[in-house]
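Participant: Okay, here's what each chain looks like letter by letter:
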Amino acid sequence: MKQLIIKATSKTPFIKFDPETGILEIKGRSIPENAIEFYKPLVEWLNEYAENPKEKTEVHIQLDYFNTSSSKCILDIFKKLESIHKKGHPVVIKWYYEEDDEDMLEAGEDYQSILKIPFEMIEIEGE
Amino acid sequence: MEKMKQDLLKSHSTNSSVMKEIKNLYHIHKNKYQRKIILSFIGNMNEEIIENILTDIENLSIDKNALKKIFYISVEVLQNIYHHNNHQNKIFYYFLIETSNSYKIIAANPVDIYTKNKIETHLNNLNSMEYPQIINLYQDILKNAKHSQKGTVGLGFISIKRKIKDKLNFIFKKIDFSNFIFIFELSINKSKK
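Residue numbers (this note's numbering), protein chains in the order written: chain A, 31 to 157; chain B, 3 to 195.
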């Protein structure tokens, strides 16, 4: 499998998934009018990755903003990762949020409450 | 043929009433808030306009936490109008206003009676709920809802209510039996994080 790299735009985040390291990075903002179209390549890539995942997969997700259309897509991505985790290939989600950004911490906790997959909430300094 | 002509005339007349009323309301708000207005826009809704308004918000020199909330809520308000306004007339307006203790977002757009009834029921229901109920509802919909063809999931108003932790103020100004202007007014307290 090749690396998946999607460049950031003013409405969509930077995405990098390296199949050699099993590290998925999502960083920036996710506010497209239609998030399904944007996340489609990542979902397809994950479907292929799920057939032969690394021993351990790590997700580093650091979003400034995401809209409600994206929130469902992010959950669908996490659910796919959850199924990899359940099949015996551990997955950990590292959810980064800026200090004082209570809303982003709560958003991470929403996913944590829905999914049976390890989450690490990591506070970072604001830019 | 005659019926088509009549329908066309009726539609034209409705459109001009909508335009007149929304411009009138825009000026009422403009005069009411005058120097307190930080941003204002009136025109037809499209993706480019949303992007322009959001860029203007991002460039404001205000408290970072307030800016984040204003940005997030504006995204949801504007994309709600973009996706769900089924009215033939796409005009809308948007204000960002600064008062001594809060920021106010006012948005208005025409809606048909069906949309009016749907929004009214939904917002009244949200306003009757306590904060923990809103969180439960949000998580329940996030978990179980499916995307619509437009990419929406029905979480817009709920997420706004969750973010502002306050009443969602709205009114519907009647134009005629089947056409209304939906005016949505939200306050973001400056002391809230």
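Rather than coming from a laboratory, the hints here were simulated on the basis of the structure.
Don't take every hint at face value.
Stated by the list, open to error - Here are the simulated lysine-lysine pairs, BS3-like style, with alpha carbons at most 25 Å apart:
no. : chain 1 : residue 1 : chain 2 : residue 2
1   : B       : 22        : B       : 92
2   : A       : 37        : A       : 110
3   : B       : 169       : A       : 117
4   : B       : 152       : A       : 70
5   : B       : 118       : B       : 92
6   : A       : 70        : A       : 146
7   : A       : 84        : A       : 124
8   : A       : 116       : B       : 148
9   : A       : 57        : B       : 175
10  : B       : 106       : B       : 169
11  : A       : 124       : B       : 32
12  : B       : 66        : A       : 124
13  : B       : 175       : B       : 118
14  : B       : 34        : B       : 169
15  : B       : 175       : A       : 116
16  : B       : 145       : A       : 70
17  : B       : 165       : A       : 57
18  : B       : 152       : A       : 110
19  : B       : 32        : B       : 148
20  : A       : 116       : A       : 84
21  : B       : 169       : A       : 110
22  : B       : 145       : A       : 110
23  : A       : 124       : B       : 165
24  : B       : 145       : A       : 146
25  : B       : 92        : A       : 109
26  : B       : 152       : A       : 109
27  : A       : 117       : A       : 146
28  : A       : 37        : B       : 34
29  : B       : 145       : A       : 57
30  : B       : 148       : A       : 70
31  : B       : 106       : B       : 152
32  : B       : 148       : A       : 109
33  : B       : 22        : A       : 146
Participant: Between the alpha carbons of residue 148 of chain B and residue 109 of chain A, is the straight-line distance 25 Å or under?
Facilitator: 14 Å, holds
Participant: Please work out if residue 152 of chain B and residue 70 of chain A have their alpha carbons no farther apart than 25 Å.
Facilitator: 14 Å, holds
Participant: With a cut-off of 25 Å on the C-alpha distance, tell me whether residue 145 of chain B and residue 70 of chain A pass.
Facilitator: Cα-Cα ~19 Å, so holds.
Participant: Holds or violated: residue 116 of chain A with residue 84 of chain A, Cα cutoff 25 Å?
Facilitator: 14 Å, holds
Participant: Taken at face value, is the distance from the CA of residue 169 of chain B to the CA of residue 106 of chain B at most 25 Å?
Facilitator: 13 Å, holds
Participant: Does residue 57 of chain A sit within 25 Å of residue 145 of chain B, going by the straight-line distance between their CA atoms?
Facilitator: Holds: residue 145 of chain B and residue 57 of chain A sit about 23 Å apart, inside 25 Å.
Participant: Do the alpha carbons of residue 152 of chain B and residue 110 of chain A lie within 25 Å of each other, as the hint requires?
Facilitator: Cα-Cα ~22 Å, so holds.
Participant: Check whether the Cα positions of residue 70 of chain A and residue 146 of chain A lie no farther apart than 25 Å.
Facilitator: Holds, because 23 Å separates the two Cα atoms, which is no more than 25 Å.
Participant: Would the hint linking residue 84 of chain A and residue 124 of chain A be met if the CA-CA limit is 25 Å?
Facilitator: Holds, because 17 Å separates the two Cα atoms, which is no more than 25 Å.
Participant: Take a quick look at whether residue 145 of chain B and residue 110 of chain A sit within 25 Å of each other, Cα to Cα.
Facilitator: Status holds; Cα separation ~14 Å.
Participant: For the pair supplied as a hint, residue 124 of chain A and residue 32 of chain B, confirm whether the alpha-carbon distance does not exceed 25 Å.
Facilitator: 45 Å, violated
Participant: Between the alpha carbons of residue 37 of chain A and residue 34 of chain B, is the straight-line distance 25 Å or under?
Facilitator: It is violated: about 44 Å lies between the C-alpha atoms, which goes past 25 Å.
Hint compliance for this structure: hints 3, 9, 11, 15, 19, 21, 25, 28, 31, 33 are broken, all remaining hints hold.
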